[in-house]
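J.: Residues per chain are reported as follows:
Protein chains: 2
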Amino acid sequence: MDMQKMNKDDLLALKAAAEQALADYRSRGLQLNMARGKPCTEQLDLCASIHETLTKFKDEDGADVRNYGNLVGTPECRRLFGQILGVDPSQVLVGGSSSLNMMHFTVGNAYVRGVLDGMTPWHKLDKVKFLCPSPGYDRHFAVTNYFNIENVPVPMLADGPDMDAIEKLVASDPAVKGVWVVPKYSNPSGITFSDEVVRRFAALNPAAEDFRIFWDNAYAVHDLYAEEENRDHLLNIYDELKKNGKEDMVYMFASTSKVTMATGGVGAMAMSPRNFEWIKKNLGVATIGFDRVNQLRHARYIPDMQALDRVMQGHAAILRPKFETVLSSLERELADLNCCSWSKPRGGYFVSFFAPKGTAKRIVALCKEAGVVLTGAGATYPYGNDPDDSNIRIAPSFPPLSELEQAMEVFCWSVKLAAAEKALS
Amino acid sequence: MDMQKMNKDDLLALKAAAEQALADYRSRGLQLNMARGKPCTEQLDLCASIHETLTKFKDEDGADVRNYGNLVGTPECRRLFGQILGVDPSQVLVGGSSSLNMMHFTVGNAYVRGVLDGMTPWHKLDKVKFLCPSPGYDRHFAVTNYFNIENVPVPMLADGPDMDAIEKLVASDPAVKGVWVVPKYSNPSGITFSDEVVRRFAALNPAAEDFRIFWDNAYAVHDLYAEEENRDHLLNIYDELKKNGKEDMVYMFASTSKVTMATGGVGAMAMSPRNFEWIKKNLGVATIGFDRVNQLRHARYIPDMQALDRVMQGHAAILRPKFETVLSSLERELADLNCCSWSKPRGGYFVSFFAPKGTAKRIVALCKEAGVVLTGAGATYPYGNDPDDSNIRIAPSFPPLSELEQAMEVFCWSVKLAAAEKALS
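If you read the protein sequences in the order shown, they are chains A and S. Those letters in the first sequence? Residues 7 to 431, per my numbering, in order. Those letters in the second sequence? Residues 7 to 431, per my numbering, in order.
Note that these hints are calculated values from the structure, not bench results. A hint or two may mislead.
Any copy, or any two copies together, can satisfy a pair, since identical chains are not distinguished.
[Claimed, not checked] In silico DSSO-like pairs for lysine-lysine, Cα to Cα no more than 30 Å straight-line: (1) Lys287 with Lys374; (2) Lys287 with Lys11; (3) Lys249 with Lys287; (4) Lys367 with Lys286; (5) Lys286 with Lys130; (6) Lys287 with Lys133; (7) Lys252 with Lys64; (8) Lys286 with Lys11; (9) Lys249 with Lys135; (10) Lys286 with Lys133; (11) Lys367 with Lys287.
The structure displayed is predicted, hence computed values, not measured ones.
Kindly generate the complete structure, drawing on both the sequences and the hints.
T.: This is the structure we're talking about:
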C-alpha cells in the first residue's frame, strides 16, 4: 500500500509490525556486514592459483622483476592496464597494491609540487576546491579533505553527474582544481556515464589551467552479466579529450583489487605523456619502485583480456545472485510503499538506496541494533553530510547468500519502521 | 710510493701508465655497474621458494589476508619486525614493499597535517630544516628536498654523526625538525653508531617540539660475518629514549628489500604509541590497506629470527667475497699512494671511498668512459654538493665476482690518473 495513502491506524500497525520483527531479529544475535565493497571468500578463491604461477622472474624486457629498476612497471602489466583503460601502454604507470594510494600521491603531488612543472603548488593557494558528484565514494572525499581541499557536492543524475552544474563551476571558479568520478558502475549509484556526459567532461573549459579529472575506473570490467547487451559501455574519455586537444586534463585509475585480491592486487594509473613525465619524476622520490614481482604474477595469470573476462565471469556468477537477492527483497518489501527508490546496477559493487527524507541515519541505526552493519548514512556525501539524510549504500558482495537474505529482511523492516515513525511525527 | 713524495717525472709516468690502462679498458666495451646497492641474482635466488610457501591465507588472528581490513599489518609480520627493530609488535606498522615510501609518507604527513594532532603542519612554516649527516643516503635527502625542506649537511665521524654539531643545531634552531640517519652499517660509510652516539641521540633537547629522528635501520641484520665478535651491535635507541621520557622523538624503519627481494619485499616502521595512533589515522586516508598477502608470504617463509639469520648468512656468503675483492683491490693498488682512505665495513652494502680533494667527479667520469658506472660523485651529500669533491660510494653487490675485479681495476686506475692530474695541475 502506498504510504502516502495510509491513515494513522495503518501507520501505527506498520510501525508495530516492524518493531516486532526487528525485536525478533535483535534476539537472534546476528552479525552481518554490508558496509564495504568487500569480495567474499569464494571470489578470493577464484584466483587462488595465482600464487603458484610465478616461477620465472624475467619480464618481457628481460629484467629480473625481483630487483630494483623500472619505476613504471613491467611491460606485460602496462599492456594489460592499457587495454583495460583504453590507452597506449606507454601512458600506463603500474603501481603497488592500491590505486587509492596512487590517487593520494597524485593529489599530494599537486599540493606539494604543482600539477605540472612550473605550476603553483596547491598548498600555496588560499583555497582549492574539488567537485564531488554525490552520492560518491567516501575515500575519494577523504583524500582531498586530507590535503586541505574543500569538497563541493554536485548532484548525481541518472546518466552521470549534473554536467550543467559542473560546467558552470569549472568554468567560473579558478579555485576548482579537480573532480572525483567513478564513471562506470559508479560507487555507489551503479550507473555508467552516458556518452554525452563523457563528451561534456572532455569538453570542459576550466578557469584553472591545472584542473584535473580524477577518472577512477575501478569497475571497468566488473560486469554482472555475460551478454554484451546487458553490459554497460563507457565511452573512452581519453580519445574524446584528444580530439579536443585537452588530454592533459585527466588522470585515469584502475586496479585488480576486485579481480584477483582486495589487498594483494595491482593498481595502475594512465595519463597523457606530459602528465606521465611529471608524475614519474616525482614518484621516483617516493619509492625506488613498486612490487614488480606481484605485477608479473598478475600478468602471467591474466595474460590478456580474454583471460580477464574469464575471471570476471567467475565473479559475476557469485555476485549476480547476491544483487538479485537485494533487488528482489527491495522490490517485494518496499515497492508498494512507494516512498523509496534504488539503483538496479548491471555491474560494480553497490546498490544505492534512497529512503524517505530524514530517515537514513535512523535506518542504519536500526539495522545496527539488529546486527546488520551498513555504510554510515551520509558517508557517500562530502563531510558525511547528506542534506536529505536519505542515501544508503548497500554492499551485497561479502555476506553469504543465506545471510544476505536475512540482512535484507532486517533492512526492509528498518526502512518500514523509520518511514512509519517519520510519517507519524 | 707515497704521492706526496713523487716528483714531476714520477707523476707523469703514473699518469701515462693510467691513461694507457684505461684506454685498454675502454676498447673492451665493458658494461659494469656499481652504482646502487642492488642485490645480485644469486642473492635473489636464495629466497626463490618464498613464492611457493603461501597456500593458506588466514593469519594468526584468523583474518583472510586477501581481503580488506587491518591497516597495521598481519600479526606474524609485526612480530618479526618488532624483533628486528627491538620494540613491541604493537608499535610496528607493516607496510607495502617500500620502507622509503613510508618515510616519504611520514615526512609528507608532517608537511600536510603536522607531526601530531594540533601541531603546525610544516607547509605553513617559512623554513623547515633537516640535518643530513654526510656522506649519507641520497634518497633520504631527495625526500626532504621534495617537501621544500632545507637539507643541512653535518659531518660523519668514525663512530657516527658529529654529535656536537647535531646537539647544537637541534637545541638552538626551532626550524630544525628532523635528522636522517642509517645507524647500522650506514649508507655509505658502513659504520655503526657507537653506544655513546646512540645515547646522545636519545638525549637530544630539540628547540622544536615536533623534531623527529628518522632512524632508517635498513641494514639491521645485514652482517657480512657469522661470528658474533665480527658483527656490529647497535644500541636500542627506543629503550634509551624511553629512559629519558622522549620516545616520541623517533621513527624507526626497516625492510626485507635486502633479505628476500629488492622490489617484492616488505617494509615496516615502528614508533611510540602516540606517534602510532596519529600515523595510523592519517595513513588510513592514503590506502585501505597494504599487501597483507605478501606480508603473510614473508612471515611464513621467515617465521623467526633464526630463520632470518639463516637467510642472511646466505647473503653474507655471496657478498663477503665481493667486499673482500673491493677492499683487497684498494689496498693493493692504492694504499701505498697514501692519498685516499676508505671504510672497511662488516655489513651493509657499501664501501665509502675518499679520493684526493677535487678528484671524485673526475674519477667517476673516467670510470664511466671505461664502462664502469658508479654512483654520481656528490650524490651522498645534500644537493649533490660534496664540498671536497672527494667521496665516492662503491656498491659491490650486483656485479659477478669476475666483473667486480675488472671494475675495481678500472676504478683504481681512474683514481691514479685523477690523482696524478691533480698533483700536476
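J.: Now, for every hint given, state plainly whether the structure supports it.
T.: These are the hints, each one checked on the structure:
1. Lys287 with Lys374: between (47 Å within a copy, 24 Å between copies)
2. Lys287 with Lys11: This pair counts as neither: shortest intra-copy Cα distance 64 Å, inter-copy 48 Å.
3. Lys249 with Lys287: within (27 Å within a copy, 43 Å between copies)
4. Lys367 with Lys286: between (43 Å within a copy, 27 Å between copies)
5. Lys286 with Lys130: both (23 Å within a copy, 26 Å between copies)
6. Lys287 with Lys133: Classified as both: same-chain Cα gap 26 Å, cross-chain 24 Å, threshold 30 Å.
7. Lys252 with Lys64: Neither: 37 Å inside a copy, 47 Å across copies.
8. Lys286 with Lys11: neither (61 Å within a copy, 51 Å between copies)
9. Lys249 with Lys135: within (27 Å within a copy, 46 Å between copies)
10. Lys286 with Lys133: both (27 Å within a copy, 27 Å between copies)
11. Lys367 with Lys287: Between copies only: 24 Å across chains, 45 Å inside a chain, cut-off 30 Å.
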